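So the protein sequences, as listed, match chains A and B. Under my numbering, the residue at position 55 of the first sequence is numbered 55, and the numbers go up by one with no gaps. Just add 1000 to the spot in the second sequence (first one is 1) and you have my numbering.
Heads up, some of the hints might be wrong.
Here are some chain B residues pointing at chain A (derived, C-beta under 8 Å) [what the hints assert, rightly or not]:
1) Met1001
2) Ser1055
3) Leu1058
Simulated from the structure, these hints should not be mistaken for laboratory data. Treat the numbers as computed from the prediction; the structure is a model and nothing was measured. C-beta atoms are modelled at their ideal positions from N, C-alpha and C, and glycine is treated no differently.
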Amino acid sequence: MKKRFDPVAGCNADIITCITSSEEVRSANDDIQFKVRLCVEEVEENILAYSGTTWLEVWTAIEEGYLAIGFRDGGVKFDPTIAKDPDIMAPVDKRAIGGLGIFICKQMMNVLDYRYEDGCNVFVMKIKLP
Amino acid sequence: MEFITVKKDSNILITISGRLDTSSSDEFLREMTPVLEGDEKSVEIDCTNLEYVSSQGLRIFLMLQKKVVARQGQMTLVNLRPYIKEVFHITGFTKIINII
Chain A
1 MKKRFDPVAG
11 CNADIITCIT
21 SSEEVRSAND
31 DIQFKVRLCV
41 EEVEENILAY
51 SGTTWLEVWT
61 AIEEGYLAIG
71 FRDGGVKFDP
81 TIAKDPDIMA
91 PVDKRAIGGL
101 GIFICKQMMN
111 VLDYRYEDGC
121 NVFVMKIKLP
Chain B
1001 MEFITVKKDS
1011 NILITISGRL
1021 DTSSSDEFLR
1031 EMTPVLEGDE
1041 KSVEIDCTNL
1051 EYVSSQGLRI
1061 FLMLQKKVVA
1071 RQGQMTLVNL
1081 RPYIKEVFHI
1091 TGFTKIINII
């Protein structure tokens, strides 16, 4: 599956539906579908909030035993993989509110890969299929 | 999403149903504002019918816990579904929130 949202404003729910209803995702088990749904929402929210892009291209693919979900946008350079992890061992009064979205992706996905290519952010996350 | 809140003395029971994602988190925060600003010492949230939670929902649970702990109270989440409990676990929330 590959689809471009242009303009992307207001398409948050459509992007999630587009990815989660793809054949590649629907053919995965319930555990993987849950993780993909959650991580797609977290990544999409971060990209739209921080890159300021006006368009977004998404795709899904099966690659060497992994389910891959890709995002490409033309906003300012934004690498989600370098986001600072929250201190999950901190007591409740010291826990920061926020910063959990990309951390969840780091925990649930097997691969997070970012590159800046031809003036575009390209972010791919992969989860291993059983 | 649906929320049912029952208050008795210094206890409050909240029942949440549906999906707690980016699109519903504002509504959840509005519903929880009286709890955040109140003085209940015991807050119990029944999550039996909570189908999904994203980081936007988690941050509201954290806000609630901070407030309840600050007033020497206790918040308890009951009947989390396994997938959702995993999200609480990997984010360290099971260490700071009472979950049964």
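Here is what the structure says about each hint:
1. Met1001: Met1001/B check fails; min Cβ-Cβ to chain A is 15 Å, beyond 8 Å.
2. Ser1055: 4 Å, holds
3. Leu1058: Check passed: Cβ of Leu1058/B comes within 6 Å of chain A, closer than 8 Å.
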